[in-house]
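The listed protein sequences correspond, in order, to chains A and B. Okay, so the first sequence: first residue is 1 according to our numbering, each after it adds one. Okay, so the second sequence: first residue is 1 according to our numbering, each after it adds one.
Don't take every hint at face value.
[Unchecked claim] Subject to a maximum C-alpha distance of 35 angstroms in a straight line, what follows is the list of computed DSBU-like cross-link-like pairs (lysine-lysine):
(1) B:Lys126 to B:Lys44
(2) A:Lys308 to A:Lys195
(3) A:Lys195 to B:Lys44
(4) A:Lys195 to B:Lys126
(5) A:Lys261 to B:Lys44
(6) A:Lys261 to A:Lys282
(7) A:Lys282 to A:Lys369
(8) B:Lys40 to A:Lys427
(9) A:Lys195 to B:Lys54
(10) A:Lys346 to A:Lys8
(11) A:Lys437 to B:Lys46
[Claimed, not checked] Now the stretches of chain A that chain B is said to cover, found in silico as 3 or more residues with beta-carbon under 8 angstroms:
(12) 69-75
(13) 101-111
(14) 201-208
(15) 235-246
(16) 413-420
No lab work stands behind these hints, which were simulated from the structure alone. Where is the CB? At the ideal position from N, CA and C, for every residue including glycine.
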Amino acid sequence: MSEINLRKIDDFRWEIPRSYKPGMRVPGVIYADEKLLKDIRQDKAMEQVANVAFLPGIVKASLAMPDIHWGYGFPIGGVAATDIENGGVVSPGGVGFDINCGVRMLKTNLHFEDLKGKLRDLTYALFSNVPSGVGAKGDIRVSAKEEEEILIKGAKWAVEKGFGVQDDLDCTEEQGAIAGADPVAVSERAYARGKAQSGTLGSGNHFLEIQMIDQLYDRDVCDKLDLNLGQISVMIHSGSRGFGYQVCEDYTRSLVHCLAKYNINVPDRQLASAPVNSTEGKAYLGAMKCAANYAWANRQCLMHLTRKTFERIFQHSWQELGMFLIYDVAHNIAKVEKHMVDGQEKTLCVHRKGATRAIPPGHPALPQKYRKLGQPVIIPGDMGRNSYLLVGTGGAAETFYSACHGAGRVKSRTASARTVNLDTLLKELESQGIIVKASGRATIVEEAPAAYKNVNDVVSVVHNAGLAKRVCRMRPLGVIKG
Amino acid sequence: MENYEVFEHTADIGIRVKGKDLKSLFKNAGLALFQVSSRKQFTKNKTHVNLNIKISADNLESLFVDWLNELLSLSAARGLIFHNIKINKLEDNSIEAIGVGSAINNYKVNTEIKAATYHQLRVVRKPTGWLAEVILDV
Numbered sequence: 001m002s003e004i005n006l007r008k009i010d011d012f013r014w015e016i017p018r019s020y021k022p023g024m025r026v027p028g029v030i031y032a033d034e035k036l037l038k039d040i041r042q043d044k045a046m047e048q049v050a051n052v053a054f055l056p057g058i059v060k061a062s063l064a065m066p067d068i069h070w071g072y073g074f075p076i077g078g079v080a081a082t083d084i085e086n087g088g089v090v091s092p093g094g095v096g097f098d099i100n101c102g103v104r105m106l107k108t109n110l111h112f113e114d115l116k117g118k119l120r121d122l123t124y125a126l127f128s129n130v131p132s133g134v135g136a137k138g139d140i141r142v143s144a145k146e147e148e149e150i151l152i153k154g155a156k157w158a159v160e161k162g163f164g165v166q167d168d169l170d171c172t173e174e175q176g177a178i179a180g181a182d183p184v185a186v187s188e189r190a191y192a193r194g195k196a197q198s199g200t201l202g203s204g205n206h207f208l209e210i211q212m213i214d215q216l217y218d219r220d221v222c223d224k225l226d227l228n229l230g231q232i233s234v235m236i237h238s239g240s241r242g243f244g245y246q247v248c249e250d251y252t253r254s255l256v257h258c259l260a261k262y263n264i265n266v267p268d269r270q271l272a273s274a275p276v277n278s279t280e281g282k283a284y285l286g287a288m289k290c291a292a293n294y295a296w297a298n299r300q301c302l303m304h305l306t307r308k309t310f311e312r313i314f315q316h317s318w319q320e321l322g323m324f325l326i327y328d329v330a331h332n333i334a335k336v337e338k339h340m341v342d343g344q345e346k347t348l349c350v351h352r353k354g355a356t357r358a359i360p361p362g363h364p365a366l367p368q369k370y371r372k373l374g375q376p377v378i379i380p381g382d383m384g385r386n387s388y389l390l391v392g393t394g395g396a397a398e399t400f401y402s403a404c405h406g407a408g409r410v411k412s413r414t415a416s417a418r419t420v421n422l423d424t425l426l427k428e429l430e431s432q433g434i435i436v437k438a439s440g441r442a443t444i445v446e447e448a449p450a451a452y453k454n455v456n457d458v459v460s461v462v463h464n465a466g467l468a469k470r471v472c473r474m475r476p477l478g479v480i481k482g
Numbered sequence: 001m002e003n004y005e006v007f008e009h010t011a012d013i014g015i016r017v018k019g020k021d022l023k024s025l026f027k028n029a030g031l032a033l034f035q036v037s038s039r040k041q042f043t044k045n046k047t048h049v050n051l052n053i054k055i056s057a058d059n060l061e062s063l064f065v066d067w068l069n070e071l072l073s074l075s076a077a078r079g080l081i082f083h084n085i086k087i088n089k090l091e092d093n094s095i096e097a098i099g100v101g102s103a104i105n106n107y108k109v110n111t112e113i114k115a116a117t118y119h120q121l122r123v124v125r126k127p128t129g130w131l132a133e134v135i136l137d138v
């Protein structure tokens with residue numbers, strides 16, 4: 001339970017003053033309403049927001065999105081930007097073990113009615129065609145030479161193999177391949193750990209969901225994206241698997257040594273960091289980018305397997321089924337970006353750990369088709385409630401164009417497993433028309449809706465604080481978990 | 001009685017491990033990683049693999065985290081679950097051990113542990129032995 005005295009800025013913004021802890025270079029700012037704040041106070045996440053404010057070079061504030069919860073080092077839902085020219089650091093803990101964990105959403109031209117009598121078959125077919133669970137091996141085999149290619153080319157590698165089209169790349173953050181990946185900075189162990197995992201979903205909170213649009217908030221944007229009530233969409237949530245875990249582990253270990261070397265004073269060793277411009281900082285970013293690209297290739301492969309499964313069930317090509325990618329966003333990543341700080345343009349290293357980039361209309365990083373709309377921001381919820389599609393707005397300049405990444409946990413996995421009865425939960429979900437297929441029974445109870453905050457509350461804060469604009473809401477129909 | 005217990009953390013899980021001496025603490029913590037995440041269900045592959053593990057670190061706490069991460073990493077890279085550990089040599093900043101593992105497909109794995117973290121890490125000597133607390137990213 002956290003007893004920090006917060007200063008209320010407005011109904012959706014709360015400040016942890018610098019005076020809270022000697023050593024904080026900037027204040028903390030938490031985006032939440034009174035209701036969510038009660039949940040946030042339940043664990044040590046706010047303390048972690050204050051700890052992140054110790055990072056050398058941090059500008060403006062240590063930020064926390066409304067889905068914030070207690071992580072290790074950084075809170076989950078944390079955003080921190082450091083000024084590279086002023087000794088700004090990069091921290092592997094500010095990205096996390098699952099580098100470029102992210103989510104993509106594709107639409108279909110199918111309507112709810114089209115799934116009648118087919119939803120169970122479709123869910124089971126996706127479960128058997130998309131490898132999931134711990135230790136799952138992908139059917140997409142990769143040679144040693146190709147492995148390095150994946151790390152450089154990311155999703156483009158998959159498209160060149162025939163697992164997608166150019167339009168998919170246009171609709172992926174960084175076009176599915178962030179520049180500057182350095183395969184030499186990656187350990188042999190990371191290669192070994194990532195081997196054979198391309199095209200696998202993973203376990204834990206990762207999922208593939210068949211969803212239906214159940215509410216439209218912005219008719220104009222929905223029309224432009226060709227989205228309507230009752231329309232079926234698919235959401236895929238996965239990351240860089242063992243490859244990314246190993247990169248994070250390797251560099252957390254080596255950057256712990258940088259704390260003394262560069263005289264960096266942080267209250268938690270999991271905030272191990274190094275100046276972005278140092279040899280160690282550059283090496284981490286080079287390796288992190290490899291893992292990010294691996295994750296984009298992975299989600300591209302997962303989408304390919306999804307399209308193939310729909311083709312088989314509905315006996316039409318995926319193009320005929322209108323299975324086009326709306327967008328793919330990373331929510332565990334550090335990126336070098338230009339932002340205005342105190343009226344000056346600065347080159348910053350923006351850490352988003354459980355936070356989604358949300359750039360506004362007109363931003364040069366947007367593909368032509370979204371230049372006028374703003375970036376699609378995809379927010380998955382839990383398996384029993386909703387997920388959201390939003391678009392970026394100019395209001396997020398204060399968060400370095402970042403928004404939340406999900407609902408955010410409120411209950412630990414052990415507490416959830418202790419209090420949730422699997423059979424009761426599955427019956428409840430089924431009565432709501434939701435079919436769940438998972439590799440492990442434990443995953444379902446650990447990921448039960450009661451373990452999460454209500455995503456509707458979280459997204460409402462993001463919308464009302466002006467960080468991104470609600471477009472439409474989806475509800476799950478078929479859920480595949482690892 | 002188990003040599004470890006699980007404690008709660010919102011996003012992840014924590015384990016609290018005991019050992020009568022430092023060697024047993026490291027052994028119990030290493031085995032706990034696999035006991036919390038998997039259960040033996042099949043005997044599809046009877047081969048046991050012995051892997052030599054040799055690591056060093058700046059201090060005891062770092063060694064403890066590095067040791068757990070090495071076991072997780074080797075387990076994932078080799079597709080093994082470690083069911084026994086023999087520690088040959090252990091000092092404050094180095095460990096030499098043999099991990100005995102069998103194929104992962106003999107097990108039902110419920111949770112994927114990504115890594116052990118330094119967050120709120122404790123490795124302390126008690127009157128009756130040693131105690132460690134570590135938070136695992138799952």
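We went through each hint and held it up to the structure:
At roughly 42 angstroms between alpha-carbon atoms, Lys126 (chain B) and Lys44 (chain B) are farther apart than 35 angstroms, so this suggested pair is violated. Taking the CA atoms of Lys308 (chain A) and Lys195 (chain A), the gap is about 23 angstroms. The hint holds against a cut of 35 angstroms. Under the criterion of a C-alpha separation no larger than 35 angstroms, the hint pairing Lys195 (chain A) with Lys44 (chain B) is consistent with the structure, at around 22 angstroms. Straight-line distance between C-alpha atoms of Lys195 (chain A) and Lys126 (chain B) comes to about 42 angstroms, which puts the hinted pair past the 35 angstroms bound.
Our distance criterion of 35 angstroms between C-alpha atoms is broken by Lys261 (chain A) and Lys44 (chain B), whose separation comes to about 50 angstroms. Restraint check: the Cα-Cα separation between Lys261 (chain A) and Lys282 (chain A) comes to about 16 angstroms, which is no more than 35 angstroms; the hinted pair holds. For a cut-off of 35 angstroms, the pair hint linking Lys282 (chain A) to Lys369 (chain A) stands: about 33 angstroms separates their Cα positions. Taking the CA atoms of Lys40 (chain B) and Lys427 (chain A), the gap is about 29 angstroms. The hint holds against a cut of 35 angstroms.
Taken as a hint, the Lys195 (chain A) and Lys54 (chain B) pair is honoured in the structure, with Cα atoms around 23 angstroms apart against an allowance of 35 angstroms. Under the criterion of a C-alpha separation no larger than 35 angstroms, the hint pairing Lys346 (chain A) with Lys8 (chain A) is consistent with the structure, at around 28 angstroms. Pair hint Lys437 (chain A) plus Lys46 (chain B) holds up; C-alpha atoms about 30 angstroms apart against a cutoff of 35 angstroms. Counting residues of the region 69-75 of chain A whose CB lies closer than 8 angstroms to any CB of chain B gives 5, which reaches the minimum of 3, so the coverage claim holds.
With 0 residues bearing a CB less than 8 angstroms from a CB of chain B, the region 101-111 of chain A misses the requirement of three and the coverage assertion fails. A count of 3 residues in the region 201-208 of chain A with a Cβ less than 8 angstroms from any Cβ of chain B is obtained; the coverage claim is therefore met, three being the minimum. Under a criterion of three residues with beta carbons nearer than 8 angstroms to beta carbons of chain B, the stated coverage of the region 235-246 of chain A is upheld, 3 such residues being counted. Counting residues of the region 413-420 of chain A whose beta carbon lies closer than 8 angstroms to any beta carbon of chain B gives 3, which reaches the threshold of three, so the coverage claim holds.
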